[in-house]
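Novice: Those sequence lines, one after another, are chains A and B.
Be aware that the first sequence starts at 1, since it is given in the working numbering, and climbs by one per residue.
Be aware that the second sequence starts at 1001, since it is given in the working numbering, and climbs by one per residue.
For the record, the hints were derived by calculation from the structure and aren't laboratory data.
We treat Cβ as the ideally placed atom computed from N, Cα and C, and that holds for glycine.
Among these hints, one or two may not hold up.
[Unchecked claim] Listed below are several chain A residues computed to face chain B (Cβ distance under 10 Å; list not exhaustive):
(1) F25
(2) S31
(3) R32
(4) E58
(5) Y103
(6) T106
(7) R107
(8) K117
(9) L124
(10) P125
(11) H127
(12) G226
(13) D234
(14) S236
(15) R264
(16) T266
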Amino acid sequence: MSLLDDPQVRRNVERLPIEFDDYGFDRFGLSRKALVRAYSPMAYIYRHYLKVTAFGLENVPATGRGLIIPNHSGGLGADAAMILTSLILNDEAPRLGQGMAEYFLTRSPFARPALRKLGHLTGLPEHGEQLLNDERLLLVFPEGARGAGKLYKDRYKLVRFGTGFMRLALKTGTPVIPCAFIGGEESFPQLFHIKWLAKLLNGPFVPVAPQLILFPLPVACQVYYGPPMHFEGDGSEPDHVIQQYVDEVRHAMERLISTGLDARPTAFMFERMPDSDQEQRR
Amino acid sequence: MKILITGISGTLARGVAYRLVRRGHEVVGIDRRPWPDVPEGVEMHQADIRKRPAEDVFRISRPDALIHMATVTHFTTTTEERYRINLGGTRKLFEYCHEYGVKQAVFAGRHTVYGATPDSPLYHTEDEPPLAGAAFKELADLVAADLYAGSALWRWPELNTAVLRLCYFLGPSRGGTLAGFLSKSRVPMVLGFDPLYQLMHEWDAEEAITLAVEKQLRGVFNVAGPAPVPLSVVCSATGKRAVPIPEPLYSSVLGRFGFPYLPDDAVAHVKYPIVIDNKAFVEATGFVPRYSAKQTMEGFRWN
Chain A
1 MSLLDDPQVR RNVERLPIEF DDYGFDRFGL SRKALVRAYS PMAYIYRHYL
51 KVTAFGLENV PATGRGLIIP NHSGGLGADA AMILTSLILN DEAPRLGQGM
101 AEYFLTRSPF ARPALRKLGH LTGLPEHGEQ LLNDERLLLV FPEGARGAGK
151 LYKDRYKLVR FGTGFMRLAL KTGTPVIPCA FIGGEESFPQ LFHIKWLAKL
201 LNGPFVPVAP QLILFPLPVA CQVYYGPPMH FEGDGSEPDH VIQQYVDEVR
251 HAMERLISTG LDARPTAFMF ERMPDSDQEQ RR
Chain B
1001 MKILITGISG TLARGVAYRL VRRGHEVVGI DRRPWPDVPE GVEMHQADIR
1051 KRPAEDVFRI SRPDALIHMA TVTHFTTTTE ERYRINLGGT RKLFEYCHEY
1101 GVKQAVFAGR HTVYGATPDS PLYHTEDEPP LAGAAFKELA DLVAADLYAG
1151 SALWRWPELN TAVLRLCYFL GPSRGGTLAG FLSKSRVPMV LGFDPLYQLM
1201 HEWDAEEAIT LAVEKQLRGV FNVAGPAPVP LSVVCSATGK RAVPIPEPLY
1251 SSVLGRFGFP YLPDDAVAHV KYPIVIDNKA FVEATGFVPR YSAKQTMEGF
1301 RWN
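Bound conformation, chain B alone:
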């Protein structure tokens, strides 16, 4: 199969590319960022997904499947630019898929789209609406992108679309949202709260995305590995110091005193859990995570 990966220079996407090449697929990649030591078997195009050269890749390479991983978060990108990339880019890519006869599209989204609120249940299922945008405006564009990708299911029924909502991952690349939160020696907790965090090994996350393409998945799927653990355990197992901070002071310490930076609204994600039910994904793909939470966190610690 010829598979196009957008955002291929990203942490997870490179791993997915390696996996696909090893399994005998042809991989084409698009990214604005370079991938200097791109492996054999990967055809790399340094381009912007919203621009003409990206369409050319579709027209000339004619991929059978698309893995869309070119989304950005508030950690790196301003609001306006995020909307252009996450929503505008996703829209363009799905239109190209339709136009150039791509058979399978996989959108790699995030489990944070469900949002963290005190009254929401644990183990979110895919039929629940993603509510993150209401309380956390920096996630609104990703929620919209997730829903837009899902709309391809009725917009272009002949295109097999899978929307993945992946939980946090940790791994040797030290990339990703959770790794960023744990990047400094201290982790800011909110005094009196200790939410469950669901995480999986980076390599398991790569495997899950690969499986989604190979099994020609269709629909919306939560992707998670081992059972969640409290944030305090995440901190101690990864060798970080959890510092409980009274909520009124929380936003003023972020980005200072050895704490990582977070937007103000992110405090809800440090107070309340986002836990997803991965039953549908496991049933559809037979996915079995190889690494336990303990192995993942300790691997991250000593890596």
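Next up, chain A with everything else stripped away, as it sits in the complex:
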């Protein structure tokens, strides 16, 4: 079955710079088998439905620690899924992006082991540190859930950033790779939120988009990775210094976002955006 066993995903999962034991697990409980099974359908969506093009993958370190810092785009998590898929499908140097999971998910049956098998541990600062010290690639959305619930009228405007990721980067000496995800807001334009339902479900928000179902429209999306940024310090700096560093990352992301928005011929683009670099290489 190629939808659950994609050859490119399988090949690249084998090449990940991660040590697996005799049973195909790493020291955090990541499962090689689960990675192939989960990323195979994602690769299909990546290629044929959301038609994602990734630019600047050479900015992602081939090995060693790194913090990928993207904007939130679209409230369904398609942004995270497609960014992670672009990292796995990078034939030059496949990487596994590991996220920090929401607390309520890691208390839930089935969700907890499933997330762990894909490398997403409970969102604790200790886990971030442990993963980076183990030379992993961490995916952190600095806007948090606030950013995911952005309405269509506020599309591609960054909301307030958390500063935790910067202290983590400084403490562990990790390069920050700014990242922009374009197209998520068009594939799932959030018109309004049903607040009472969110409260009832105890979730962050329940969005409503024109398609009425919780699934994205087939709008072509793009991912842009900026050059790695290195910051000096040990994480114990006063708030204003941290804030200044965070703003630098924020500006880099804003530049990537405006580059990405300008590059699109139309906002609602249903054709894949060509990648001239990649065509030349082939």
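Place chain B on chain A using the hints.
Specialist: Relative to the frame of chain A, chain B by itself:
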């Protein structure tokens, strides 16, 4: 060196005694339980650590070091008795150490003292507080004993105290907490959960305790071997059938239908992981486990 082992008839303690004798140490042992075929080089006293004869062993034998392994769990002992042995006994022993000039004390504790909760991180370090007592009252006495043993570090600074927090072990003796959990043909899992379990070979655990004495370790140390594996893998590798049980029914099947008995609170330990970071111990002793998780589990299966 003359080394006193309390609880010497226990699974791990016998192995530690053999190892120490083989390396040319003199071993004295105390246990309430007999050790019928006690090997040459081990001086065995059948006594209770809280009673007078135990103090006599300190006074007459004058050991240089103590390895305290006379702690009991809820599997064998009632709550009141556990507090008397684990806390009262530990207190007495440390007082004797101080009084009779023992230079080194090693407390062999358990990694379960950290507790299993959904929001706790993997790879616990020694500076984290042991929280198991909050959710699992059958472990509260062991948590207290662990902390009390640690308090000897400031109470009697001249006594070199090492508190070891050992992860689960499996081995040919088929003793220990995890072996008990895997003792029947079926292993009760909680539906929708599959925590990481950290285990080491019994012989590696014995070696780690021996090293702690020989290297004159001081402080609190996590002791673990290979990287953890999911519980489902532990079951399949040891040839057991993992049976997922919906959480509301979990406590009612324990001890029945071919499942082992566990106290109600133990369900957290089947849902969430307890994984420890052994970096400090490895740095202090140069400990290298000889057996991988696979070798340990398959050895246990076919033994």
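Novice: Now, for every hint given, state plainly whether the structure supports it.
Specialist: Outcome of the hint check:
Hint status for F25/A: holds, given a least beta-carbon distance of 6 Å to chain B, under 10 Å. A least Cβ separation of about 8 Å between S31/A and chain B falls short of the 10 Å threshold, and the interface hint therefore holds. Proximity of R32/A to chain B is violated relative to the hint, the smallest CB-CB distance being about 13 Å (cut-off 10 Å). The interface hint given for E58/A is violated, since its Cβ lies 32 Å from the closest Cβ of chain B, which is over the 10 Å cut-off.
Evaluation of the Y103/A hint against chain B yields a held restraint, the C-beta minimum of about 6 Å falling below 10 Å. Interface restraint check: T106/A against chain B, minimum CB-CB distance 6 Å, threshold 10 Å, status holds. With a cut of 10 Å, the hint placing R107/A at the interface with chain B holds, because the nearest CB-to-CB distance is about 4 Å. With a cut of 10 Å, the hint placing K117/A at the interface with chain B holds, because the nearest CB-to-CB distance is about 8 Å.
Hint on L124/A holds. Least Cβ distance to chain B is approximately 5 Å, under the 10 Å limit. A least Cβ separation of about 8 Å between P125/A and chain B falls short of the 10 Å threshold, and the interface hint therefore holds. Given hint, H127/A at the interface with chain B, holds; its Cβ is 6 Å from that chain's nearest Cβ, closer than 10 Å. At about 30 Å, the closest approach between the beta carbon of G226/A and any beta carbon in chain B exceeds 10 Å, and the interface hint on this residue is violated.
Interface restraint check for D234/A: the shortest CB-CB distance to chain B comes to about 18 Å, outside 10 Å, so the restraint is violated. Here the hint on S236/A is broken, as its CB sits about 17 Å from the closest CB of chain B, past 10 Å. For R264/A, the shortest C-beta to C-beta distance to chain B is roughly 41 Å, which exceeds 10 Å, and the interface hint is violated. Below 10 Å, beta-carbon pairs count as interface contacts, and T266/A has none with chain B, the closest being about 44 Å; its hint is therefore violated.
Hints 3, 4, 12, 13, 14, 15 and 16, counting from the list given before, are not met by this structure.
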